[in-house]
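Asker: Using the hints, position chains B and C against chain A.
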Amino acid sequence: MSFDALNLVWIFVAASVVNNFTLAYFLGLCPFLGVSGRLDTALRLGLATIFVMLVTSMFASALNAWVLPHAPYLRIIAFIVVIASAVQLVETIMKKASPALFRALGIYLPLITTNCAILGLALFQTNREYNFLEGIIYALGAGAGFTIALVLIAGIREENDLGQIPRIMRGAAMSFLIAGILSLAFMGFAGLFSSAA
Amino acid sequence: MKRPTDLHDTFRRGLWRDNPVFIALLGLCPALAVTNSAINGVALGAATTFVLLTASTLVSSFRKVIPKQVRITTFIIIIATFVTVADLVLAAMAPAIHAELGAFIPLIVCNCLILGRQEAFAFRKPVKPAVVDAAGMSIGFTVALVMIGGIREILGSGTLFGVIVMPAGFEPWIIMILPPGGFFTIALLLALMAHLKARREARLPRHEDSEPEGAV
Amino acid sequence: MADPLPQTSSPPKPASSNLTVIDDDGARDGTDLCHGCDTKLPQAPQPSPLRLILTLGIAGSLSGLLLVTVFLATAPAIERNRIEALERAALDVLPGAERFEVFVEQDGRVVRHDPSLGSPSGTTVYAGFDGDGEPIGFAIPGSGPGFQDTLEILIGWDPFRRRVIGMAVLETRETPGLGDKIITDPDFTASFESLSVEPTAVLVGPGARSEENEVDGISGATISAQAIVNIVNDSVSAWDQRLPDLTTESEQSKDTTRERPEQAQ
Numbered sequence: 115m116s117f118d119a120l121n122l123v124w125i126f127v128a129a130s131v132v133n134n135f136t137l138a139y140f141l142g143l144c145p146f147l148g149v150s151g152r153l154d155t156a157l158r159l160g161l162a163t164i165f166v167m168l169v170t171s172m173f174a175s176a177l178n179a180w181v182l183p184h185a186p187y188l189r190i191i192a193f194i195v196v197i198a199s200a201v202q203l204v205e206t207i208m209k210k211a212s213p214a215l216f217r218a219l220g221i222y223l224p225l226i227t228t229n230c231a232i233l234g235l236a237l238f239q240t241n242r243e244y245n246f247l248e249g250i251i252y253a254l255g256a257g258a259g260f261t262i263a264l265v266l267i268a269g270i271r272e273e274n275d276l277g278q279i280p281r282i283m284r285g286a287a288m289s290f291l292i293a294g295i296l297s298l299a300f301m302g303f304a305g306l307f308s309s310a311a
Numbered sequence: 065m066k067r068p069t070d071l072h073d074t075f076r077r078g079l080w081r082d083n084p085v086f087i088a089l090l091g092l093c094p095a096l097a098v099t100n101s102a103i104n105g106v107a108l109g110a111a112t113t114f115v116l117l118t119a120s121t122l123v124s125s126f127r128k129v130i131p132k133q134v135r136i137t138t139f140i141i142i143i144a145t146f147v148t149v150a151d152l153v154l155a156a157m158a159p160a161i162h163a164e165l166g167a168f169i170p171l172i173v174c175n176c177l178i179l180g181r182q183e184a185f186a187f188r189k190p191v192k193p194a195v196v197d198a199a200g201m202s203i204g205f206t207v208a209l210v211m212i213g214g215i216r217e218i219l220g221s222g223t224l225f226g227v228i229v230m231p232a233g234f235e236p237w238i239i240m241i242l243p244p245g246g247f248f249t250i251a252l253l254l255a256l257m258a259h260l261k262a263r264r265e266a267r268l269p270r271h272e273d274s275e276p277e278g279a280v
Numbered sequence: 020m021a022d023p024l025p026q027t028s029s030p031p032k033p034a035s036s037n038l039t040v041i042d043d044d045g046a047r048d049g050t051d052l053c054h055g056c057d058t059k060l061p062q063a064p065q066p067s068p069l070r071l072i073l074t075l076g077i078a079g080s081l082s083g084l085l086l087v088t089v090f091l092a093t094a095p096a097i098e099r100n101r102i103e104a105l106e107r108a109a110l111d112v113l114p115g116a117e118r119f120e121v122f123v124e125q126d127g128r129v130v131r132h133d134p135s136l137g138s139p140s141g142t143t144v145y146a147g148f149d150g151d152g153e154p155i156g157f158a159i160p161g162s163g164p165g166f167q168d169t170l171e172i173l174i175g176w177d178p179f180r181r182r183v184i185g186m187a188v189l190e191t192r193e194t195p196g197l198g199d200k201i202i203t204d205p206d207f208t209a210s211f212e213s214l215s216v217e218p219t220a221v222l223v224g225p226g227a228r229s230e231e232n233e234v235d236g237i238s239g240a241t242i243s244a245q246a247i248v249n250i251v252n253d254s255v256s257a258w259d260q261r262l263p264d265l266t267t268e269s270e271q272s273k274d275t276t277r278e279r280p281e282q283a284q
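Protein sequences, first through last, are from chains A, B and C.
Per our numbering, the first sequence starts with residue 115, numbered consecutively.
Per our numbering, the second sequence starts with residue 65, numbered consecutively.
Per our numbering, the third sequence starts with residue 20, numbered consecutively.
It should be emphasised that the hints constitute simulated quantities derived from the structure, not laboratory data.
Hints are not guaranteed to be accurate.
[What the hints assert, rightly or not] Distance windows between CB atoms, simulated:
id	chain 1	residue 1	chain 2	residue 2	range
1	C	G115	A	A185	35 to 43 Å
2	C	R101	A	A299	32 to 40 Å
3	A	N241	C	V87	20 to 28 Å
4	A	N241	B	L252	29 to 37 Å
5	C	A96	B	L71	33 to 41 Å
6	C	E190	B	A158	17 to 25 Å
Positions of the beta carbon are idealized from the N, C-alpha and C atoms, including for glycine.
Bound conformation, chain A alone:
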């Protein structure tokens, strides 16, 4: 049992910081560049992404268990459809359950449909043969990692607005430079788990 718990912790830590989706796998860069200029928008987009990742992971587990063994060639299409539906579902539920939350996050939901981090999550989860519970933990870790990266960059960029940046480095180039330095910093998390084990 303790091994199982340890395994889940490892999945979470590995997905969130050691192999951060954005900083190590380069997934989800489009929204990353678009909205990472402001701290509060970054946080909201991150939360919305965690929601969608959770729902997607559950659907993907179900698909992997029952549908895809019979029709492996439908994998990509099935995942894309699931993601689009998951976004719709989250949108509908949120609208009903918490209009305030919907007003805050709603506009980011369509953006998430084309976020490759979500499809990446479904695919990696399949490749690693995670079960339902492991998939959920993986989704939480990946979503948390995406949010951490987004919020960190947004924070640094907000500060940057006031700084003297060479003209040619303004905008995307600067964001990437910051992302590179953060990615370097996140490499420090490597070995976190195996040295303890």
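Answerer: Leaving out everything else, chains B and C in the frame of chain A:
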């Protein structure tokens, strides 16, 4: 003079002036994730080219039949289908490359470049310009991938396409083939593009179309 | 509100085309990917729902048809590639093997796989035999946390001499130039050509190997090397008691062992 020039311009636009990666910032995830060597850039570029060409051809051919309310869904079905085809064919014919690119073949579905071209161009234009546009964009994408991959491979491994190009005493900058190297490379390339653009605009304040651009 | 894409990214837009399509506008209008493109679409009358469904239905069926065709056409080659890759790895860790047999884990026992059942599901173990049909050993899988991500390896296990006789890394994301020395370091990999796991295999300093159960360490890749040694210890102890006896060719495995969860899967 009219139509060929138009097509020529459409092609060149994707190739350089509106390069999907460097200018429009589309398809960055794959552009960085697999480009720790030039050959990976070629492979992913080729797969993307296949998908974009077939999708654009189909979307443009059937643009009068597809109701616009369901166009995005139809695009996604078409794109996902051809990505799956590319994935299966690569796995069958070139298992080594397929293993190297891993999950990034399926992730072509999410490449905003492909969906963007369907929506912005193929759905509105006849087949010929749509194909030319797709070819220009995908070659531009591939060139960008190979540039990023080449820079990272030369500095990070001392090789280009697997051939040793650096002098014997060169100690590879391992960081370049690691994730941070990808971010640094694209940041510097974007800065370079911004610099070139600023210089061009300074020279030709009004006309953006007339200047012959240096081919890649 | 989302701010627009950074300045460097927006090219001077010719009026006739929409080139930077997917920017933040997609988020702002909250419906589609290409805000602003709609204005250029011809204003067709609202089509009937039937037509919408029909379009998607036809697109879906054609897509399905194409996929099934391609899948059937490529499936044999893909399966062949997969088996070739596995057997190449199995050959790596079982030197001298010429023929392989597949064993699968079923209900806690390891039994010979019946090829008529199709591709094996679950964890597979390969038994290697030399040209004379004499058994060499098993290629058993193992995985566990490495420095960067989960490491997957294949271990050659000789049940007769009770020695590890080979180790191959199947999947690694360890740092190039440092952690990936677990593949390239000759002393380290040579330690696995005849390694005892009794009581356990231990990692010692680089070049310090003197006992049968010691593995030469790698400077600069201590954690990755230790991870491999851990996986070898765990996998061998997890599998050893359950593996069938190859000499009697009996399918009755010594399956009286405890139900031990297989490491890290």
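Asker: Indicate whether the distance between the beta carbons of A/N241 and B/L252 respects the range 29 to 37 Å.
Answerer: 32 Å, holds
Asker: Return holds or violated for the Cβ distance of C/E190 and B/A158 against the range 17 to 25 Å.
Answerer: 19 Å, holds
Asker: When you take the CB atoms of C/G115 and A/A185, is the distance between them in 35 to 43 Å?
Answerer: For C/G115 and A/A185 the Cβ distance comes to about 41 Å; the hint holds.
Asker: Quick one: are C/A96 and B/L71 within 33 to 41 Å, going by C-beta?
Answerer: 38 Å, holds
Asker: Between C/R101 and A/A299, does the beta-carbon spacing fit 32 to 40 Å?
Answerer: 38 Å, holds
Asker: Falls inside 20 to 28 Å, the C-beta gap from A/N241 to C/V87?
Answerer: 23 Å, holds
In the structure shown, no violation is registered for any of the earlier numbered hints.
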